[in-house]
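Q: Letter by letter, the chains look like this.
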Amino acid sequence: MEEMDLPEGMNPEVIKHIMYPQNYGKLEHPDGTGVAMDEKTNEFVIFTVKLAKDGIEDINYATNGCQDTVVIGSMFTEMVKGESVEYAKGAIAKIEAKLGLLSPQQKICADMVFNAFVASLINVANLAQGETEEMHVIKSEESCVIPEGKTNA
Amino acid sequence: MHNLYQVKHELWLDILFASFTIENSVIKDRLYDFSMIAFRHLKWIGGDILESGDDYNYDRSKMLLRRQSNFEILNYLLEEIKAAQAAYTPSTLTERIITDEAYLVQYITALLENSNNDAEVTAFDMHRTLPNKTLDVVQTDSLTIFLFEESYKEYELILVYAYMQARTDNLLHFNVFQDLIDESHFHLKSFGNMMAQMGILALPRELHELTYKITDIEKFIISGIKEEENAKEQCKALSDAVNDTELSQFFDFINYQENYHIALMEKLLPKK
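Chains as they are written, first to last, in my numbering: chain A, -12 to 140; chain B, 12 to 283.
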């Protein structure tokens, strides 16, 4: 992403990911589609992936969730695009190393992102075995609720 | 027809965000009026698509490009209007749309003839300050996140309610959806202009169909009421946090409006 001068306060990289989320939207004719769904709040993260022999050829995500989810989804997809699936499985820890320790709230958002990615891989495997599911859904156990008076990121 | 809907959806956003971006209040207000006309075009196009037995979605393909000057924005709008018109097929509706857009083109062309209408654009430079306001880092961060969260939410609400309004035969529901859409337009306008003033103007994210294809309206409304309550808390927290009377009054004003949104949304719940 283009470099810019930013004032103190929020992590500049975080602001850029909010203003210009990377790999946002949906892929046409993906190999797999996965959703992490919080049925209590109706929040979701959805991933579409295209896989190549040596890893993740293309990846997109979308969400109706909070800005933390947007930022983590944007950073995650940027990190894993073109990489192996094994690398992707460790990418959330790398994001944590980059952003600093995630708050409990941000961990829930990160789990939503990662679970949606995992669901897309399960969908790829299920389709390869002849199943017909349109997308694989993983239900979230915890909800992202921003405490009163607090803003995330 | 899908393509026409998407083209018009993107043109509405182009005009709306041009209005937010340009500081000159006369041009800003005029473009905002045109954006609301474009939104009505979108609603009518959607109605025609549904009447024909087809359907539409809220897919988009364009990003909000950062522009350096008013004239860059206005020239871009002219190009986009021209490109949109290539998607129109002859009908009473497209005749109306074309005459509206011809008037907008005349207005923009006249603006471009006077160099006094040009100015540098600061809506995207991330300076994160407001004119004549002194906010500390924590207040600025809180306001920044609030504006990103709520501008997306208002855009989402406009489109979700419009989607449901286009598909209801219930007059009460139709009217409630219209009120909620009108209210969200006002909030989006308020937040969009504030984001531009702070140099953090960004296009709300595209909606995935999981967001607007509602299968359980009762669950959707109950969840929406919770979101409104959360937005009220966010407004109250911001109002308390910012050390500025004018800003506090504004966030209190928005907070009190959310109360009535909740009352409106409750009208959509089945009577028990």
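Think of the hints as simulated: they come from the structure by calculation, not from any bench. Hints are supplied without guarantee of correctness; some may be wrong.
Covered stretches of chain B (chain A as the covering partner; in silico rule of three or more C-beta atoms under 8 Å from a C-beta of chain A) [what the hints assert, rightly or not]:
#: 1; region: 154 to 167
#: 2; region: 227 to 234
#: 3; region: 263 to 275
By construction, the Cβ of each residue, glycine as well, lies at the ideal position given by its N, Cα and C atoms.
Q: Confirm or reject each hint.
A: Verification of the hints:
Under the rule that three or more residues need a Cβ within less than 8 Å of chain A, the assignment of the region 154 to 167 of chain B holds, with 6 such residues. Coverage of a stretch by a chain is defined here by at least three residues with a beta carbon nearer than 8 Å to that chain's beta carbons; for the region 227 to 234 of chain B and chain A the count is 3, and the condition holds. Judged by the Cβ-Cβ criterion of 8 Å, the region 263 to 275 of chain B is not covered by chain A as claimed, because only 0 of its residues qualify and three are needed.
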